Amino acid sequence: MSGLEQTPGHGTFDPGALRRQFAILGREEAWLDNAATTQRPEAVLRAMDGFYRRHNANTRRSVHRLGAEATAAFEGARATVAAFLGAASPDEVVFTSGTTAGINLVASGLARWEIGPGDEVWITGLEHHSNWLPWQQVAQLMGATLKVIPLTPDGGLDVEAFRRGLAAHRTKWVAVAWVSNVLGTETAVREVCAAARAAGARVLVDGAQGVAHLPVDVQALGCDFFAFSGHKMYGPMGIGALWGRRHLLEQMQPSVFGGEMVARVEERTATWAEVPYRFEAGTPNAPGAVGLGAAIEWLQTLPAAAHAHEAALALAAAEKLKQLPGVTVWGGGGWRSLVSFSVEGIHPHDVAQVLDSRGLSIRAGHLCAQPLMRRLGVGAVARASFAPYNTPDEVQRLLNGVRAAQQVFT
Amino acid sequence: MMELYQERLLTHAKHPQGAGIVPRGTEDAEAIHPGCGDEIRVKLAWTSEGTLEALTHEMHGCAVSVAGASMAVDFLKGKTRKEIVATSSAFAARLGKTGFEEEWGDFRAFNGIERYPARIHCAGLVWKALEQALAQESEHHP
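First to last, the sequence lines map onto chains A and B. Those letters in the first sequence? Residues 76 to 485, by the working numbering. Those letters in the second sequence? Residues 141 to 282, by the working numbering.
Calculated directly from the structure, the hints in this document are not laboratory data. Small disclaimer: the values here were computed from a predicted structure and weren't measured. Check before you lean on any hint, since a few could be wrong.
Claimed, not checked - One side of the interface only, derived from the structure: several residues of chain B facing chain A at Cβ under 10 angstroms:
(1) 148
(2) 154
(3) 155
(4) 157
(5) 161
(6) 169
(7) 177
(8) 198
(9) 201
(10) 202
(11) 213
(12) 258
(13) 260
(14) 262
All C-beta atoms in this analysis are idealised placements derived from N, C-alpha and C, irrespective of residue type, glycine included.
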């Protein structure tokens, strides 16, 4: 594995110093399940702790000083998210519980009012269930047709097939992942967005697997909505954000009703608060938002070499796993954060269990992508996913562990 | 290193008893574990006396699921439907809880599985299918 640290053109990066910011990495386990959830640096934990210890109050409804501080922290986090995404303004950012909640909000709050019988909703063949089911269900509910952008043999999106299949006036919505949580590759998201919008359709991008690894710019992606989660980018669980174009957020209906999302409530009618507050009913997850803001600031302190380092680890893992007899690596290249693989004759859960006994945490299963699994012809896969705090030694231990699993089961 | 994958379990996993092809649609029951996607289809054959002659299973699952199904094959052979239902309850009371006594034979490989909570459902997958198969049967032959 020597030479991994020396990625040409990217300088050197020492994960050792970074690891010390993560108390949990002091355990012996190698955390290679970052695509499921990353670990959190001290800066994030301190920010959340500090909110509760020093500024805790309900946001946007209290005249007291703590209320003002809590609101400032919460809205400050919104501004941080907005800048991170390249939003036109903070009020284009809705805090959600995560990517799933954001996608569901768009599907049920806007898409369902815009589609009807005979219309088409497109997703892609590699979507996570969270960007499959909301569209499947809304299409079913409204009598529309769910269409799936096929995959090319190397695991990319067949954009040409999509362009051919696009029907002006009938294609109303398109939802696409930025980075596949199974194949690990960045999709042709810009091409899909451009083609969709040219045909008059709206596009949502599931950014969950991209935000921790790629520079984000929703304007450059060319989408109408962008959803992501905090916990896959070093932030807390239970918080995420949805970005949407302002005029579309204005058209979107709230789907959760209650406190703080209203302008005026009568006995039988009500009007809603301004965007984005009308989508944030109830007491918000303010410490989560503060933690997400801290995670973004922390992520932005990482040098480019840190991302080159994690990409080099993923690529090395993919290339070296491919060389092992009986191992299939899924996807046609472009691994920069994760690699999914199968070991002939050994169920992925057994691979993961053997690796766990050797102190490596990886994910095994259908990865919430059952349609893609069926296309790959497997029921489940094993997946190792990387962060800048991972090391070349952990990649080596992964390879040794897979060999050990082969010895146990064959 | 791996107390889960003892020789007893691996032997069953590598050479499972009763493993076969149960084409979709011909099974007596199917059980799926939605969390991991493991699935099993079972086909039961009975003697004229009403005892289990053969349990055939097609499993798409991990070593623990496969071994669990394999162990059930010989263990249940010759038992009546009623006895299998009782055995299933007794199995559920032991798996991941009190553990299995001597008379449970190879199922003792599952003793200690509570240290791998994510795998308990694997060991029990075949029983989910069996319970369902027998419940459906009793609807047809009350």
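Here is how each hint holds up against the structure:
Hint status for residue 148 of chain B: violated, given a least beta-carbon distance of 14 angstroms to chain A, over 10 angstroms. The restraint placing residue 154 of chain B at the interface with chain A holds, with a minimum CB-CB distance near 7 angstroms, inside the 10 angstroms limit. For residue 155 of chain B, the shortest C-beta to C-beta distance to chain A is roughly 12 angstroms, which exceeds 10 angstroms, and the interface hint is violated. Restraint check, residue 157 of chain B versus chain A: the minimum CB separation of about 18 angstroms is more than 10 angstroms; hint violated.
Hint status for residue 161 of chain B: violated, given a least beta-carbon distance of 16 angstroms to chain A, over 10 angstroms. Among the interface hints, the one on residue 169 of chain B is violated; its C-beta lies about 18 angstroms from the nearest C-beta in chain A, farther than the 10 angstroms criterion. A hinted interface residue such as residue 177 of chain B counts as satisfied when its beta carbon comes closer than 10 angstroms to some beta carbon of chain A; here the least separation is about 4 angstroms, so the hint holds. Nearest Cβ of chain A to the Cβ of residue 198 of chain B: about 12 angstroms, over the 10 angstroms cut. The hint is violated.
Taking 10 angstroms as the C-beta cut-off, the interface hint given for residue 201 of chain B holds, the closest approach to chain A being about 6 angstroms. For residue 202 of chain B, the shortest C-beta to C-beta distance to chain A is roughly 4 angstroms, which falls under 10 angstroms, so the interface hint holds. For residue 213 of chain B, the interface hint is violated, the least distance from its beta-carbon to any beta-carbon of chain A being 19 angstroms, above 10 angstroms. The restraint placing residue 258 of chain B at the interface with chain A holds, with a minimum CB-CB distance near 8 angstroms, inside the 10 angstroms limit.
Among the interface hints, the one on residue 260 of chain B is violated; its C-beta lies about 12 angstroms from the nearest C-beta in chain A, farther than the 10 angstroms criterion. Checking residue 262 of chain B against chain A by beta carbon gives a least distance of about 7 angstroms; that is within 10 angstroms, so the hint holds.
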